Each structure stands twice: as C-alpha cells, then as structure tokens.
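Asker: Residues per chain, in single letters:
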Amino acid sequence: MDTIYLDHAATTPVHPEVVREMVGCLEKTYGNPSSIHGIGRQARRLVDQARNLAAQSIGAKFNEIIFTSGGTEADNLALIGTAFANRNRGNHIITTSIEHPAILQTCKYLEINGFDVTYLPVDSSGRVDIDTLKKHLRDDTILVSVMYANNEVGTIQPIQEIAQLLSNHSAIFHTDAVQAYGLLPIDCEDLGVDLLSVSAHKINGPKGIGFLYAKNGVKFTPHQYGGEQERKRRAGTENVPGIVGFAKAIEIMMKKRVENFHRYEQLRRLFIDTLNDRGISFEVNGDLKNGLPHILNISFPETNVEQMLVNLDLEGIAASGGSACTAGAVEPSHVLKAMFGAHSEKLFNSVRFSFGYGLTEENIQKAAEKTADIVKRLTS
Amino acid sequence: MIYFDNSATTKPNEEVLDTFHKVASIYYGNPSSVHSFGLQTEKLLAQARRQIASLLNVGESEIYFTSGGTESNNLAIKGVANQFRNRGKHLITTKIEHPSVENACEYLKKDGFDITYLPVDENGRIHLDDLKKAIRDDTILVSIMHVNNEIGVIQPIEEIGSLLQNYPKILFHVDVVQGIGKVPIDFHKSQIDLATISAHKFHGLKGTGALYVREGVKLTPLLHGGNQEKGLRSGTENVPGIVAMAKALRLAFEDFNQKRHEMEKIRDYLRHELIKIDQTTINTPEMHIAPHILNFSVEGFKAEVLVNTFSEKQLYVSTTSACSSKRNEPSKTLLAMGVDQKRAESSIRISLSYENTIQEAERAVKVIKSSIEKLLPVMRGSI
Ligand SMILES: Cc1ncc(COP(=O)(O)O)c(C=O)c1O
Ligand SMILES: Cc1ncc(COP(=O)(O)O)c(C=O)c1O
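These protein sequence lines map, in sequence, to chains A and B. Here the first sequence is numbered in the working numbering, starting from -9 and rising by one per residue. Here the second sequence is numbered in the working numbering, starting from 502 and rising by one per residue.
So that you can see chain A by itself, here it is in the shape it has in the complex (with noise of 0.2 Å):
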C-alpha cells in the first residue's frame, strides 16, 4: 500500500541531497573542528561555513548563531540561559499557553525555581492580543517568549507588533520559529528578536541538530558547560554532519522557501475543497489567512481523534492528533483548550495533516478523499 506522509510538522523526511552531503562529510571531514591540525581546519572550515548559511538565512551575524542539538535546546538555551542570568533585573515571564512543550515545560522548571509566569491566552484563531500583552507587562519582566506560528494549528503570531511594544521595555523577546522557518520569510532585525529557535529536522534537515539565535549583547548563561566551542555559549564537541546536513538543507530551503510557501497553499486549498465536494461536515481550526500553509487542523465533529487517527494509517496516511512532541501520549490538545476551552469537542475530534516535500496533489487528493470516507463512515 501506498503510504502517504501528512505529518510534516512532526518531523520531515530528510532531502536526498542533505545525506549525501553528510555522508561526504563523514568520510572525508571527520576531524575536531577543535583540532589545530589540517583535518580539524577542514572540519572548522565547514562549521564555519555553515554558520554564515545560517545567518544569511534570518539576517543575523555569523557570531550570533549557536548551533544546538535541536530546537528543544535552543529553547531550553533561550529562556533558562536568559531567566538565570538576568534575574538580577527581575523575576517574571511571559509566555503563551500555546507554545510547545519546550516553553511550557521549560517554564514550568523556571517557576519551580522562583519565577513568576504569566501564560498569556488567545483567541479562538489561536492568536495574542496585544492589549492583553501589555496589560500583562511589569517593570521586572526581564523574558517574554512567544512562538512566531504555532505547530499544531499554524497560526501565525504578531511578533513584530509585539517588538514594537517591547522596544521601550528592558525584557528580552524570544521566539520559537522551529515551524515557522523555511516558510515565512525571517530577519532578525525587522522582526525585532532577541533570541529565535531553529531546528533542522522541520525543514528536511537531519535530527538532532538546531540553531538559537542570540543578537549580540544579550546576556544569558549557558546550558551546558564544557570545552569553548560555539564562543563558551554551548559546550561539547561540534554535531559536525548534523550542521553540515542542516546547511544543506538551509541553502535549498532558501531557494524554494516561496515557491514552498504557495504549493502547500494550493495543496490546503485542495484538501478542503475536496473535503467540501464529499460533503462532510468539518470546521478548520486556525486561521487559514494568518497561518503557516502547510499546517491544516481540522475538527470532524461526530468523531473521534484517535478512531480517526487508527482508521487514517490503515489506509495509509500519517496524519497526527496535535504535536507529536508530547510523547506518545495522545492527550488533549492544549493548544485546542486554550483556543475553544476544556469543553469543547474540538478536543477530541480534531486531526492535524501537515503538508512537505515530495507531495504531490494526487497524494492530497486521495488522502482527503479517503479522509472524508472515513469521517463518513464514522458518522453514519
């Protein structure tokens, strides 16, 4: 049976082209980059290559790039290396409750440790209201964290307003923009970001490799402590294929990012217009004006997630129940609660495909066809 991959917020399948760069590099630059001698230089060289890559991808500077192992440790980095060191300055936070786990657990640990976190709400779009922000904002805010698109719904948040209104405030302004990179286009500067999380695994990279930006100046203390590599911010011996398997993936993302962007709109498109021709009853959860084109949650009222979640990957199709970071579990969504509240059903019947490479719009075709077989015959 043909298999159809919709889960590429999950994770992505990795571009041919970025493992044979990292099967090049491990046989032939495998040194320490660390090292003084010539096959260190090779590997420093690559690393350093890779780097400017990645700054060249959001407009920053090849020093304000600290690879990580993912973006789960870009946002650890971010917001316990920016709490700790600047506590001097104050105790509170600000955050989302749509964020990932990486926030939401991460901040959980910071008020653990005595800090103080407001969860910031949203609208049933999945949005944050400026307004509400503002209200929030104190004299010891010293962090405010909030996703540029969320995994799960894809709505896309407004940072630069949100950068506007911290620009006469002393807090640090941090975004995870794991789901967002590679399809929205990103400068550091007009955006008006401290810190910004990436991870290589959601843009056909390889696992296990990711970037925190950190404009020069801001303080924080790192994560992992050790030998001076990534300039004494992060510690341990450079992920030197991973990095340059995520350049690889860096460059191509760059030349199909707007192309990428306008496909996964039609392929959207078409998942619902061929949803709306079987005459299901479904309702889009999101904001399909304000989101990120590849990410399509839909509520299929009747159903069941995990029913639907089963009857989907016998026919074929990997789709997922919210974000599959949340191991295993498939607990409800908190993404959802916050946007329709504990009680809605939205809860329990809403599924997330999300689209990526190698699809074509007969795999979307058939996938919502099938799709809207199941929820039929679930409903019947």
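Since the hints were made in silico from the structure, they are not lab data. A couple of the hints might just be wrong.
Below, computed lysine-lysine pairings styled on DSSO-like, alpha-carbon distance capped at 27 Å [as the list claims (entries may be wrong)]:
#  : chain 1 : residue 1 : chain 2 : residue 2
1  : B       : K610      : A       : K98
2  : B       : K512      : A       : K222
3  : A       : K222      : B       : K596
4  : B       : K633      : B       : K611
5  : B       : K611      : A       : K209
6  : B       : K719      : A       : K327
7  : A       : K246      : B       : K590
8  : B       : K523      : A       : K18
9  : A       : K98       : B       : K590
10 : B       : K670      : B       : K690
11 : B       : K610      : A       : K209
12 : B       : K803      : B       : K867
13 : A       : K222      : B       : K833
All figures in this text were calculated on a predicted structure; none of them were measured in a lab.
Given the coordinates of chain A, assemble chain B with the ligands onto it according to the supplied hints.
Answerer: Below, chain B with the ligands alone, put in the same frame as chain A:
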C-alpha cells in the same frame, strides 16, 4: 595519511556510515508519532537501546540518549546536584577531568556547591585515602573519569566503587568516554550509578551519546519539553545517529581483546621508538594505562609547532585534548602529575584506534624524527 588523533574524534566506520545512510534516508518518522512511520522509528530506537544496554551489560531502561559526552556529563553532574541539593552541596572529582566535568563543577561552585578536586600522583592516579578523607556528610556525588583523555591513565574505578559502598547516599559518576570499547569496565562490579559515553570516540557520529543511569537513581533533567527519554531528556531523538551509535559500539566490542592487543602493540612500539630520540620524554606512565593513548614531550619545542609540522606531512596528532587545544594552555593532567610547565607545553598526544596499523606507526616515527631534526636548528636559533 596517518590519523593518530582518535581521542579527539574518530573516523566513522564504514558499516556505521551505511547504517546511518539507510536510517536517515528511509526511516524519517518521529518516534513519538503514533502512526506507522513513528512506530517504525520507535522500534529502531528501542532496538538500539537494547543493543547498547546488552553490550554494556546493563538494563535497557538504564540507557538515556543525549547529544554527546558533554551533555551526558552535564546531565549527570548538574542533574544530581539539582536533585539532591537539599541533602548536601558537596561534590568530589579530580584535577584531571575533561572540561565538561570540570566546568560543570565550576558552574555549581558559583551556585553555592563545594567542590573537592582530588590530586593525582606522578603516575596520574588518585589515591583512595585522599578520596576517603575528602568524603563528608554532605557529599552527594563522586565523579571520576575512567581513562584520562590526555595521557591515557586508568583510574581505580572498581576500588573507588567498593569504597563508596560504605556511603550509600553518595552517587558515583564515571566519564567512560575514552575507555569504552578499549578498556574493560563492568558497571555493576564497579558499583557505578552514572556513566557517560560519546559515539564519536568509537567510530560513531558526532552529536550522539548516552548516559547510563542505574535503575532507581533520580536526576533533574537539563532539557525540558516533550518528555522523551522518560522525561529525563526532552527533544526529538536523533534516531539515525543513535542507531549508528549502537552499530559502532557493537563493532568496537567485536574482537575486543584482539583490537586491544593490536593497539597496545602499536603504542609500545611508539614508546620504544620515540624514547630513542634525544629530545623526547614519554609522559604516559607504564602501568594502568589504556591501549590507545601515548603522550610525550619534545624538549625545547612548542607542541603547536610540531603538530602543525606533522600535519603538513599528513600525520595528525594533537597537543592536549582537542577541546582545549585552542587555548594554548598546557595539559592540566601533566601539571597535576607534577610535570614542569615547560615539558607540559611541549607535550603531544598520539591516540590510536583499532583501525591503525603498525606500518602507520613506523611511518609516523619517521615523520616525527625527521621533523624534529629539521626544526632543531630553527628552534635552537630562536632560544
Ligand atoms: C514549535 C516547536 N518548537 C520546538 C520544537 C522542538 O524541536 P526539536 O524536535 O528539534 O527538539 C518543535 C518540534 O518538535 C516545534 O514544533
Ligand atoms: C574524557 C572525555 N569526556 C567527555 C568528552 C566530551 O564528549 P563530546 O565531545 O561528545 O561532547 C570528551 C571528548 O571530547 C572526553 O575525552
């Protein structure tokens, strides 16, 4: 080309590469996903965990994957400190640990912990008496490396483990990054609670490692998020890297004794030949040493100059450990052993792998001899 810098990092084994290539190309699902793509990778992950556990002779539930040796060391040390800070704030380690242990401890010092750095003798070994004397009521962790990365000396891990049996509240962490697959170690017999490994030191990939955590030992995580690795280490798992690590470890353990003896033979040959050069002193002791590391000094030479000269002739060795090579600081292990500053500054580390041959060693000796001869007049002139 002769690559004799295997303690800095190793070249991935070909079979390991094939494994990585295959898993990265085909099995891309997120192991946390509930659909078949996710289940497939979850299965691979479980299999890798089982393999690694069985090679280390521990339970599969005791293996936690990380991004490498540095993270594992930080997780062990900061994890214990944060978990048990109410019980006590005293840690014991040695003066010759890798920076990822030392600097994690230095960080804790700023956080109000008290750290005892045990001295080593002229052979690079700690004394059990010193350890015993250092233990206090508020000691929560003893962290001592297995094989030192700069000179290759082995610490008396089993004896330390036995001693610590008298102190059931103290946890025992061992950085086995350099020793694994080269020097036999039995985690149970040595009563180890936590042990760090890193794949790129045994022909696996950079960016993957593991922490052994004995069943029942609780740690505060470093990374918070999706609760992967039973909540101890959040973040999407690097499945291709992990599966490749399992493969690399299996290969390292295959014909273990033969590989070890081969490396010992090469090391002893090098020792024997290098000692004949007028300007050299061997810094690696003769006893309690790993098969793959040989540290020597060349009198009157800055180590960097030699490393670069060798590098031009495609012989790759290192000054001290790669992580600190850039700092131009002399080996702290040698200083701790009582070696004088000058000799420490001229120290060079050769580190072998099971892929090296005696022929390479013969060629290396020639390169070393001829380089010293060629540079000698220059160096003399500059003094
Ligand atoms: C929005 C967001 N942040 C952070 C992460 C975590 O990144 P990683 O899987 O690289 O740890 C993810 C995905 O898992 C995500 O979707
Ligand atoms: C003894 C020892 N511990 C820890 C490490 C750190 O491991 P990694 O390079 O995987 O961060 C190294 C190597 O750099 C080492 O030699």
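Asker: Below or equal to 27 Å on CA atoms is what counts here, so check K222 of chain A against K833 of chain B.
Answerer: This hinted pair holds, its Cα atoms lying about 19 Å apart.
Asker: Sort out whether K327 of chain A lies within 27 Å of K719 of chain B, counting only the CA atoms.
Answerer: Distance of about 32 Å is beyond 27 Å: violated.
Asker: Does K209 of chain A sit within 27 Å of K611 of chain B, going by the straight-line distance between their CA atoms?
Answerer: holds, 17 Å
Asker: Given the hint that K98 of chain A pairs with K590 of chain B, test it: the Cα-Cα distance must not exceed 27 Å.
Answerer: It holds: about 24 Å lies between the C-alpha atoms, which stays within 27 Å.
Asker: Between the alpha carbons of K610 of chain B and K98 of chain A, is the straight-line distance 27 Å or under?
Answerer: Since the Cα atoms of K610 of chain B and K98 of chain A sit roughly 25 Å apart, the hinted pair holds (cutoff 27 Å).
Asker: Between K670 of chain B and K690 of chain B, is the straight-line Cα distance small enough, at 27 Å or below?
Answerer: holds, 18 Å
Asker: Checking one constraint from the list: CA of K803 of chain B to CA of K867 of chain B, max 27 Å. Satisfied?
Answerer: holds, 19 Å
Asker: Are the Cα atoms of K246 of chain A and K590 of chain B separated by 27 Å or less?
Answerer: violated, 53 Å
Asker: Just to be careful, I want the Cα atoms of K610 of chain B and K209 of chain A compared with a cutoff of 27 Å; is the pair within it?
Answerer: holds, 20 Å
Asker: Starting from K523 of chain B, check that the Cα of K18 of chain A is at most 27 Å away, please.
Answerer: holds, 19 Å
Asker: Going straight from one Cα to the other, do K222 of chain A and K596 of chain B come out at no more than 27 Å?
Answerer: holds, 21 Å
Asker: Within a Cα-Cα threshold of 27 Å, do K633 of chain B and K611 of chain B meet the stated pairing?
Answerer: Holds, because 25 Å separates the two Cα atoms, which is no more than 27 Å.
Going through the hint list in order, the structure does not satisfy hints 6, 7.
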